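Sequences and hints are given; from them, build the entire structure.
There are 4 protein chains.
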Amino acid sequence: MSSNAIRVAVIGAAGRMGAQACAAVEQAAGLELVARLDAGDDVGAGVRDSGAQVAVDFTVPAVTEANVHAVLDAGAHAVVGTTGWDDESRGRVVEHLARVNADRSDDSALGVLIAPNFGLSAVLAMTFAAKAARYFESAEVVELHHPNKVDAPSGTARHTAAAIAAARADAGLGPSPDATEVGWEARGADVDGVRVHAVRLRGLVAHEEILFGNEGEQLTIRQDSFDRASFMPGVLLAVREVGSRPGLTVGLENVLDLS
Amino acid sequence: MSSNAIRVAVIGAAGRMGAQACAAVEQAAGLELVARLDAGDDVGAGVRDSGAQVAVDFTVPAVTEANVHAVLDAGAHAVVGTTGWDDESRGRVVEHLARVNADRSDDSALGVLIAPNFGLSAVLAMTFAAKAARYFESAEVVELHHPNKVDAPSGTARHTAAAIAAARADAGLGPSPDATEVGWEARGADVDGVRVHAVRLRGLVAHEEILFGNEGEQLTIRQDSFDRASFMPGVLLAVREVGSRPGLTVGLENVLDLS
Amino acid sequence: MSSNAIRVAVIGAAGRMGAQACAAVEQAAGLELVARLDAGDDVGAGVRDSGAQVAVDFTVPAVTEANVHAVLDAGAHAVVGTTGWDDESRGRVVEHLARVNADRSDDSALGVLIAPNFGLSAVLAMTFAAKAARYFESAEVVELHHPNKVDAPSGTARHTAAAIAAARADAGLGPSPDATEVGWEARGADVDGVRVHAVRLRGLVAHEEILFGNEGEQLTIRQDSFDRASFMPGVLLAVREVGSRPGLTVGLENVLDLS
Amino acid sequence: MSSNAIRVAVIGAAGRMGAQACAAVEQAAGLELVARLDAGDDVGAGVRDSGAQVAVDFTVPAVTEANVHAVLDAGAHAVVGTTGWDDESRGRVVEHLARVNADRSDDSALGVLIAPNFGLSAVLAMTFAAKAARYFESAEVVELHHPNKVDAPSGTARHTAAAIAAARADAGLGPSPDATEVGWEARGADVDGVRVHAVRLRGLVAHEEILFGNEGEQLTIRQDSFDRASFMPGVLLAVREVGSRPGLTVGLENVLDLS
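Chains as they are written, first to last, in the working numbering: chain C, 1 to 259; chain S, 1 to 259; chain A, 1 to 259; chain D, 1 to 259.
Think of the hints as simulated: they come from the structure by calculation, not from any bench. Treat the hints with care, since some could be wrong.
Copies of one chain are not kept apart here, so a pair can be met inside one copy or by any two copies together.
[Claimed, not checked] The list that follows gives simulated cross-link-like pairs (lysine to any residue, SDA-like), each with its CA atoms no further than 20 Å apart:
(1) 149 <-> 91
(2) 149 <-> 60
(3) 131 <-> 51
(4) 149 <-> 178
(5) 131 <-> 241
(6) 149 <-> 184
(7) 131 <-> 258
(8) 131 <-> 251
(9) 131 <-> 172
(10) 149 <-> 61
(11) 149 <-> 179
(12) 149 <-> 169
(13) 131 <-> 106
(14) 149 <-> 170
(15) 131 <-> 174
(16) 131 <-> 256
(17) 131 <-> 163
(18) 131 <-> 237
(19) 149 <-> 177
Please read these numbers as outputs of a predicted model, since none were measured by experiment.
Below, the structure written as structure tokens:
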């Protein structure tokens, strides 16, 4: 065991994302995989006994919150890629963090990072789109996915459109200009006033294109996720950063250095 | 007057497209502008007196059919960029052509070319899309225009989608795969079973992107019209070719050499 | 054994492409895999004994020509995806085909299809580019690949540029306009007068973008190969079509219906 | 005269950019055009007599520095879109600003903003590219311009590539992976280790595409400048912001709110 490496446990290690996370941690410089936990395992004991400093949760909505509380009780930080969190469950994590961190020194205070998306290109696209939004008269979002996806538009596209809408409102911009009188069904879904289009095409995985327009110019931000492997750099970044961010952090963008 | 140049009259010469057509004809090798006709002018006399061999009509739906009949009676070929034609008006032109061509030798037989779109990139994109359609499991169309456009999706996009649908049906393909259960409003308009999305963005003019997908591969055909100037190469091509195509031809694609 | 199915042998069945071809044939309607041949197997005997009507060769340059001659001697058609063919080796196949077909009736005449690329999107992109080339003032090619590729530009991009150059010459077009005085090293490789740029990027597989420009308009044809799986529809198409094309055919585009 | 409007002089008002700047200022809420100055005019007197608070310089390299010093002596802020500045000329402006601001209160201190590019999409693309660079294994730049451009690659593309290279170095990243052995002439120009490709195509104006890649994902940032009109929102933003940034500011990105 390298004395400097961050010791990492993966919960949900047998799942697809969990298995990739294990492999990624094992290959990463400065990280050490010390526990693979899965359904049936006692998460608290597994984290404590392995001496893990950070636990990564890729499980299912039904158990992820209990896992995070067990990780905190075991004295470790948590990085969470499982979906299904809402204001209430996040609130309970905030309370738990406050309680455990009251007894810890500043530099040993625990942190939890919940990230709906670990794709760096996706997170950066969303972040840049929110920053650019105030400077353009028009904005629309096109997401493109494989045809087996059951919901439209994608969560990432909704999130992006909502962030654009918030930035436009903040800058005092009204709705994007649109003279459409006939054919609204071709104009996409309305997410907080921003039009979002969903393309479904065999051969694609998960892609998003954000279009901004002014008189005489266009800015396009596009991200392509070709493979689940693309999430691993974001997972590793989160594992490395969570220890220096006490409390609850939601969104990988908050651990990126975009100054 | 060069003895070999094709003599051209432009009807609607004071309009935006007509004025550009005049300028384009004047600058084109092998063409000579012999008449600029406009509202109030006698089209038949104008064509006859100028000795025009080809008349280009960029007027308005209300008068374009009468102009074409007058051009034929004056013994000239017609190239028509005006919209508003339907099966009945086209049928009357076919009859008129049959009547006048019965009295003419084969190599002096008159031709009329009606083109909804003179943009080479637009016509080629549509033509290639129709040819490619049978080879892909999925197909969708995204059109992008300036935000002052009142109708969605664009006529070109509808036309493209209909051609894709026809080619798929001809090849025995069913609908593109689509597991969407929630969020149909983001999935665009349904044109003969092909999804068509309309983006409206300040700064754009007229653009179309056609996406085809198979397992592991994608083909994208995109055309951009940045400026009305882009229609002139198609107009000149039509003027040069209409003389060698007796009868009615609909669509610039039919005078392109795509063999 | 279905009496109507086409019986197929795969040579090089243990290689990556060969293995995928075996799987694709097994799953395809109307095709039956009757032999998997590999290094050490007697190709002629394997084809003859299995009753294969079509043999697919995905081997290596050193043996592919001998395999084709053995397939012909065994009385089967050949579909060849192996590289390394030149004018001389193709000439010997033409001679062999003439010899064996002299003794066969028209509808049992043998055919060989050699395809440098079985990707439908790649072949269509190249074919459309060649057709479009005569109608545009400017043309350039950008190919994008994974960073492990040792040669630039890709064979497909070279092939595309050469086809564009030939079509431009045929139409009497000179070189694309280019006022560059400083910085030629940024202007890509010159392939028969057409500029070809090679991008290398982690995450990519094999992609090609062909750009055409006129005053005021642009046509872009792009193809993406994300996965080797994308070649299988082209392989199956070739297997189905080779029997109706006696003699040597080079290029999948020649079995596509693009009329 | 609205008492709240910012009073603006335009120097080089008869030039193409200057004339557009005059029109843009006249139409902008909260700005008032009080002087149009051109070759032959006394810049200092023109600014002083008109009561201009901000002077916009769109002239030529030979006179822009003298204009800025005259503007400062007249007690106004300067926004400069003219090229040709170097470290020495900028240094003299910094000294001049220090001298005049020593006698002024903090909130009346003068500012000069020199912007090589007023296109919001171009400036944002560059800024986002610099921020994203540290998170990707590979990065390349493709710029696309009209074929009358004499230099390659464009200044914007060089600037972008240099910023990417600096960010990569700062994050400890080595060069982008590249196994190219044959065909370096297709791999673009090397700008601080980042590959930059220049496409020249009739119909285009000024465009830049920045590509980032990791295993399984891609981020693309693209900006299109279709028209000189696209620079005006950036000019107006600079005019509004220069008064609150004492001293010399280089680059429009520094007055954007990207926090």
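Hint check results:
1. 149 <-> 91: neither (30 Å within a copy, 47 Å between copies)
2. 149 <-> 60: Within. Shortest intra-copy distance 18 Å satisfies the 20 Å Cα cut-off; inter-copy 40 Å does not.
3. 131 <-> 51: Close neither inside one copy (40 Å) nor across copies (35 Å); limit 20 Å.
4. 149 <-> 178: So residue 149 and residue 178 pass the 20 Å test across copies only (8 Å; inside, 29 Å).
5. 131 <-> 241: between (23 Å within a copy, 18 Å between copies)
6. 149 <-> 184: For residue 149 and residue 184, the Cα distance is within 20 Å only across copies (12 Å; inside one copy 23 Å).
7. 131 <-> 258: both (11 Å within a copy, 6 Å between copies)
8. 131 <-> 251: Intra 16 Å, inter 17 Å, cutoff 20 Å: intra and inter.
9. 131 <-> 172: Classified as within; 14 Å inside a copy, 26 Å across copies.
10. 149 <-> 61: within (19 Å within a copy, 42 Å between copies)
11. 149 <-> 179: Intra 31 Å, inter 6 Å, cutoff 20 Å: inter-copy only.
12. 149 <-> 169: For residue 149 and residue 169, the Cα distance exceeds 20 Å both inside one copy (31 Å) and across copies (25 Å).
13. 131 <-> 106: Cα proximity of residue 131 and residue 106: none, with 32 Å in one copy and 29 Å across.
14. 149 <-> 170: neither (33 Å within a copy, 28 Å between copies)
15. 131 <-> 174: within (17 Å within a copy, 29 Å between copies)
16. 131 <-> 256: Both, since 14 Å and 10 Å are each at most 20 Å.
17. 131 <-> 163: Both, since 9 Å and 19 Å are each at most 20 Å.
18. 131 <-> 237: This pair counts as between: shortest inter-copy Cα distance 16 Å, intra-copy 22 Å.
19. 149 <-> 177: Answer is between: at 10 Å across copies they meet the 20 Å cutoff, but 31 Å inside does not.
The earlier numbered hints that this structure contradicts are 1, 3, 12, 13 and 14.
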